[in-house]
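J.: Here is how the chains run, residue by residue.
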Amino acid sequence: MEHIAAEVRAQRASPGKSRMAGKLRRHFWGYAFLVPAIVVFALFLWMPIVKGMVYSLQHIDFVKGNTYVGLDNYRTVLSDPVAGKAVRNSLYYMALCLLIGFWVPIGFAIAISELRRFQGFARVAAYLPNVIPVVVLYGLWRWLYDPIGPFNALLMKLGLDQIAFLTNPSWSMIAIVIMETWQQFGSALLIYLAAVLTVPRDWYEAAEIDGAGVWQRIRHITLPSIRHLIVLMLLLQVIGTSQGFQSQLALLDGGPNNTTMTYALLINKYAFTRLDYGAASAMGVLMFVVLGLVAIVQYRWQAKEE
Amino acid sequence: MTSHERGILSHSDLRRPRMRLAYGAMLAAIALMIASMLYPFTVTIFNGLKLNTDLNAFPPHWLPRSWHFENYATAWRYIALPGFLGNTLKIFVGNMVATVLVTGLAAYSLSRLRVPRRQWIYLFFMITLFIPPTTYIIPNFMNLKSLGLLNTFWAFWLPAGASAFYLLVLKNFFDSISMELFESARIDGASEPRCFFQLALPLSVPIFATLAIFVFATAWNDWYWPSLVMHSNRTYPLATAVYKYVIEVRRLDNNIKFALLSMVTLPPVVVFLLFQKYIVRGLHLGGVKG
Chain P
1 MEHIAAEVRA QRASPGKSRM AGKLRRHFWG YAFLVPAIVV FALFLWMPIV
51 KGMVYSLQHI DFVKGNTYVG LDNYRTVLSD PVAGKAVRNS LYYMALCLLI
101 GFWVPIGFAI AISELRRFQG FARVAAYLPN VIPVVVLYGL WRWLYDPIGP
151 FNALLMKLGL DQIAFLTNPS WSMIAIVIME TWQQFGSALL IYLAAVLTVP
201 RDWYEAAEID GAGVWQRIRH ITLPSIRHLI VLMLLLQVIG TSQGFQSQLA
251 LLDGGPNNTT MTYALLINKY AFTRLDYGAA SAMGVLMFVV LGLVAIVQYR
301 WQAKEE
Chain A
1 MTSHERGILS HSDLRRPRMR LAYGAMLAAI ALMIASMLYP FTVTIFNGLK
51 LNTDLNAFPP HWLPRSWHFE NYATAWRYIA LPGFLGNTLK IFVGNMVATV
101 LVTGLAAYSL SRLRVPRRQW IYLFFMITLF IPPTTYIIPN FMNLKSLGLL
151 NTFWAFWLPA GASAFYLLVL KNFFDSISME LFESARIDGA SEPRCFFQLA
201 LPLSVPIFAT LAIFVFATAW NDWYWPSLVM HSNRTYPLAT AVYKYVIEVR
251 RLDNNIKFAL LSMVTLPPVV VFLLFQKYIV RGLHLGGVKG
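As given, the protein sequences belong to chains P and A, one line each in that order. Following the working numbering, the numbering of the first sequence begins with 1 at its first residue and continues without gaps. Following the working numbering, the numbering of the second sequence begins with 1 at its first residue and continues without gaps.
Just so you know, the hints here were simulated from the structure itself, not pulled from any lab data. Hints are supplied without guarantee of correctness; some may be wrong.
[As the list claims (entries may be wrong)] To be clear about the criterion: a stretch of chain A counts as covered by chain P if any three or more of its residues have a C-beta under 8 Å from a C-beta of chain P, and this derived list gives those stretches:
1) 36-46
2) 53-61
3) 125-136
4) 185-196
5) 241-249
6) 252-265
[Said to hold, decoys possible] In silico DSS-like cross-links for lysine-lysine, where the CA-CA straight-line distance does not exceed 27 Å:
7) K244/A with K51/P
8) K64/P with K244/A
9) K90/A with K277/A
10) K145/A with K277/A
Predicted model, so just to flag it, every value in this text is computed and none were measured. Note that beta-carbon positions come from the ideal geometry of N, C-alpha and C, so glycine has one too.
Work out the full structure: start from the sequences and follow the hints.
T.: Have a look at this one:
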């Protein structure tokens, strides 16, 4: 009896608090279900993101503890000639991926959509390299690109000069992009193919009656119909390739002569070879800032266009 | 001729000689593409069955001169594949449990339980989708180190629940389940956990199956991140072990190398060919992610 009275008094004293308590009781399970996710997102995503900015201002020493060094890490990175080269390499890599890799799945999606038979087989075959573990591909492609491997055998048969695909600095990045295009285009192909197949067949019929040739049908019907998908895939590819480093690391370790040292690879080199975790964090922050600015500019530009 | 029988090309197009030539060229390009996809795959398997001298001959040939299945026995003795495979499976199962329990519960709550301020919580999850992981890969590693999780499987299992992409996919799926079902369960006195485990989970088996394919592919493929987080033979997953002990080793004979690579390649390829339909369906979800 007494404690009920106390509760009533407490409720009168702080109506806000009790409303919150009631809300909490009503939504107890709702919040309880969210708590684990909030904890892991905070601990394993937000914490590293925020800590990265802190680490970028510190000299990291796992034994003696971290010390605040101001902008020293940024100075180290910005005065490193390899960092400038890494930025150029990353841009070159992104450009090559667009030039060599981007149009391939679009072209094949349109071609395969025209197959009357074996369409399923073509899809499965194109997707096959996505299924093979990437480490296997690294071993395989090292052999394919070998001076005594199949590519050079083919070149010899055609009467051309041998190419040291991996050790020749002007070929090394191209070799990596060819490998990645081969490995990855299947998944993009399936996505484009699904879109191409949803274009209503009647549109082609109508265009043909109006006298449009095949190229005109592709240019004025197929491609505009999948335009949004193409733009989305372009953005995703640019975001993805700007972070690329694993193939460069696995096939060539950034060499020969740093020609495949991408920015993301240099981040890892700073951390795990030079053990300069502060500078590595600073590079991460710089990359975040640049990508963020690009995203804002792109968003503004797109908003203006629409 | 019905309208759905045609593609970009119609039957009358294909009767024109110039168009036939172009169509033939297109078929040749597709055939070449398929050959370039199948050649490396088959050559991996055939190389694993050659004598090492046969493999290093120039110009290389596709089929082995003589078949050496004993390469597989040598390869099997070279590294302890079952142990590494076990580690990969451990990572996969734990990551899947985290996806169901942590991400699944959160997605269910956001979709069904209408808690106040859920938009802010949703934003808290979703913003992480826009921050490229490479920009915080080093702090992420140091964070795991300071939490004392390095060289334990918890370093994979716990962060596996923190996937904004899977959360988005699951929430969209829960949004599409009819509300009445849950209302009637609640009227019958079912508690929220019961609604989740006995109603929502069984109904979302297809979506979890699709996510399982993604989670499996990541666990099977990922070699670099585990090579940072794990640092002993007992904890390396298969991909990392293959990279460290097969790809990076120069002394190992090439034919044994390829026999090992074949052994790692065949299981996922067989699984893919069997479950192709589901995997391809899952890809359309993946299209959002790229």
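J.: Take the hints in turn and mark each one as holding or not.
T.: Results for each hint:
Counting residues of the region 36-46 of chain A whose beta carbon lies closer than 8 Å to any beta carbon of chain P gives 7, which meets the minimum of three for the stated coverage. Counting residues of the region 53-61 of chain A whose beta carbon lies closer than 8 Å to any beta carbon of chain P gives 4, which meets the minimum of three for the stated coverage. Given a C-beta distance limit of less than 8 Å, the hint that chain P covers the region 125-136 of chain A holds, as 9 residues qualify and 3 suffice. Requiring three or more residues with a Cβ within less than 8 Å of a Cβ of chain P, the coverage given for the region 185-196 of chain A holds, as 4 such residues are present.
Counting residues of the region 241-249 of chain A whose beta carbon lies closer than 8 Å to any beta carbon of chain P gives 4, which reaches the threshold of three, so the coverage claim holds. Check result for the region 252-265 of chain A against chain P: holds, 6 residues qualifying (beta carbon to beta carbon below 8 Å, three or more required). For the hint linking K244/A to K51/P, the alpha-carbon distance of about 30 Å lies beyond 27 Å, and the restraint is violated. Restraint check for K64/P and K244/A: not satisfied, since their Cα atoms lie roughly 31 Å apart, outside the 27 Å limit.
The suggested pairing of K90/A with K277/A holds, with an alpha-carbon distance near 26 Å, which does not exceed 27 Å. Using a Cα cut-off of 27 Å, the hinted pair K145/A and K277/A is violated, with the two alpha carbons roughly 41 Å apart.
Hint check: violations occur at hints 7, 8, 10; the rest are consistent with the structure.
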